[in-house]
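Asker: These protein sequence lines map, in sequence, to chains E and R.
Going by my numbering, the first sequence wraps up at 348, each residue one higher than the last.
Going by my numbering, the second sequence wraps up at 348, each residue one higher than the last.
Quick caveat, the hints were computed from the structure, so don't treat them as lab data.
A few chain R residues that face chain E, going by a derived Cβ cut-off under 8 Å, partial list only: (1) Phe34; (2) Asp311; (3) Pro327.
Note that the structure is a prediction, hence the values are computed from the model and not measured.
For glycine and all other residues, C-beta sits at the position ideal for the given N, C-alpha and C.
There are 2 protein chains.
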Amino acid sequence: MAFEIGMPVAPPSVSVREDALGRLAGLATPAGAFGGLGELSVWVAATQGVCPPLPVERVRAVIFAGDHGVSDHGVSAYPKQVTPAMVRTFVAGRAGVSALARQHRVALRVLDIGVDDDLTGVDPAVQEFKIRRSSGAIHLEDALTPEETLRALEVGATVAAQEISAGAQLLISGDMGIGNTTPAAALIAASLGLPAAEVTGRGTGVDDTALVHKQELIQQALDRVGDRCNDPLDTLTALGSADLAAAVGFMVGAARAGTPVLLDGLISVACALIADRLAPGAVDWFAAGHRSPEPAQSLALDKLGLSPILDLGMRLGEGSGAVAAVPLVRSASLLLSEVALLADLDLG
Amino acid sequence: MAFEIGMPVAPPSVSVREDALGRLAGLATPAGAFGGLGELSVWVAATQGVCPPLPVERVRAVIFAGDHGVSDHGVSAYPKQVTPAMVRTFVAGRAGVSALARQHRVALRVLDIGVDDDLTGVDPAVQEFKIRRSSGAIHLEDALTPEETLRALEVGATVAAQEISAGAQLLISGDMGIGNTTPAAALIAASLGLPAAEVTGRGTGVDDTALVHKQELIQQALDRVGDRCNDPLDTLTALGSADLAAAVGFMVGAARAGTPVLLDGLISVACALIADRLAPGAVDWFAAGHRSPEPAQSLALDKLGLSPILDLGMRLGEGSGAVAAVPLVRSASLLLSEVALLADLDLG
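So here's chain E without its partners, still in its complex pose:
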């Protein structure tokens, strides 16, 4: 699958959006009474191109797993051996997102894109799209070669096409990778022109000393890359990783195919920001599943103009915040068809 850079994405239906706004205003409720749920119903209708929209039944999530060179440099509370252990936990259906996905009938797939482990004994399909073992330590070197970046983007777009062929009405990208909040925060800082001090968070829960160190490392990475940040592809090559690039490709592929994406936390929103830079207008196909406590996630959501559905202080990653929000998207998809119109009320 050839990956097109810079070409705008066709937007969701403007006329259906107008129809949905009209129908929402005509429901047998006070104007605006559904709040954010009503706004979400309009988005769902516009992305489907039909009002009232169809129920959003088939939701599919893909976890893009990978390791990061920075995890050898004291930026995480956990060792990188946790990454392959968690891949095995996803396969076993025992992770946090596994429980949520089962509850909500969300198809869950995990792909090793850049894990620093051979995952011996794990279903080989998990490694089908592997790009490399770990990505580079971004404060010292580029995360990827330009060729690897393109290949990872293509992998992500291919996976999106597969999931859409399998019937997905809504896609979610999840993440797993010790150290991955460091490249994600760097991608956001680079895209927004912000210093490391404004984007660095505690990730899995580092202490004050490690937080300062993490911030220094992110600033070092930003300083190393300099003006290359002006180009989104260079930014991804220099500051991202194979797993993040695949998630970006997944989002761009979904948007180009007209399939909406529900974003998760910091990693997912960092990828969405790059996706919208690579494919202008892609953001119109994205909704925000939740707000994470990571400062960079909120900064990126603001830049993208997205309001999160949930704000529960979740910071697990894995796609868990988005999967937890799926019932609300489904609720939104039902309102416009199932709720009576004010004109239908018998006021005696």
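Got chain E; can you put chain R on it based on the hints?
Answerer: Then chain R, alone, in the frame of chain E:
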């Protein structure tokens, strides 16, 4: 059912709460990564008295409907004829909360406690517990007689007992009644010792002029009642309504029976505040489903020490915000049993 006033409520299990906190901390996730969802899982376990808790499958919601004398005095954007029309819409399964309840398999029951209409042709079971036609206009007279207040409280407790007998693991009280944000705001102002200016909101969406009028009317009601606000039963008699008193009794009955309640918006939280005054400790059996844009709702939540699950700007009432939050309570009930422990991970 005799309704006991002032007797403290036995709390959820303290030892199970400790067990649940310990198990949550041992999950294969960073500490605190589930955020509010993790706190909710601990509450669910404590209310059930077992860790890990059972899945919360059987949720039952009751809408207590009633009219309010104040609706004849310009406090709402809608005429009171909407109340019986909406009761019929609930019966037909076409209201906002109907769609959400179907989606989440929440049993939904509507009861006319004080509607100013005979509801001719509607299933007589809906009127089985009717107290009166409309409650008094609170700025001019008491909403209820003391005998009606007690009867409404007993009705609510009886209904809670019925729903628990039907298998409810979690209860929700919903509301319907044009004008009901006025008595609800007055109950909160009276309970918190605040002036009308701090509690008055737009309800179904009144304009600036009506908002000022609504605030004056609430202040007039508070001034009329004076020191009687120090007694929760007097407060309910003077400033409440039959439907609100029934909802209070429902919550107290649930708490005394050890069945948790998920609160909805302004009306529900106002009733919870009175319930906790009548039955100290009842609040420990309550969780907050959502934050409403009504200022008094947030003030009451703060007083009760509750953090809402959703914050979507919903202001529909009907129990809709609580029903929309049910999947999150169910998610919370699954985490402690379905997610692997950190000790189970194979770190190679």
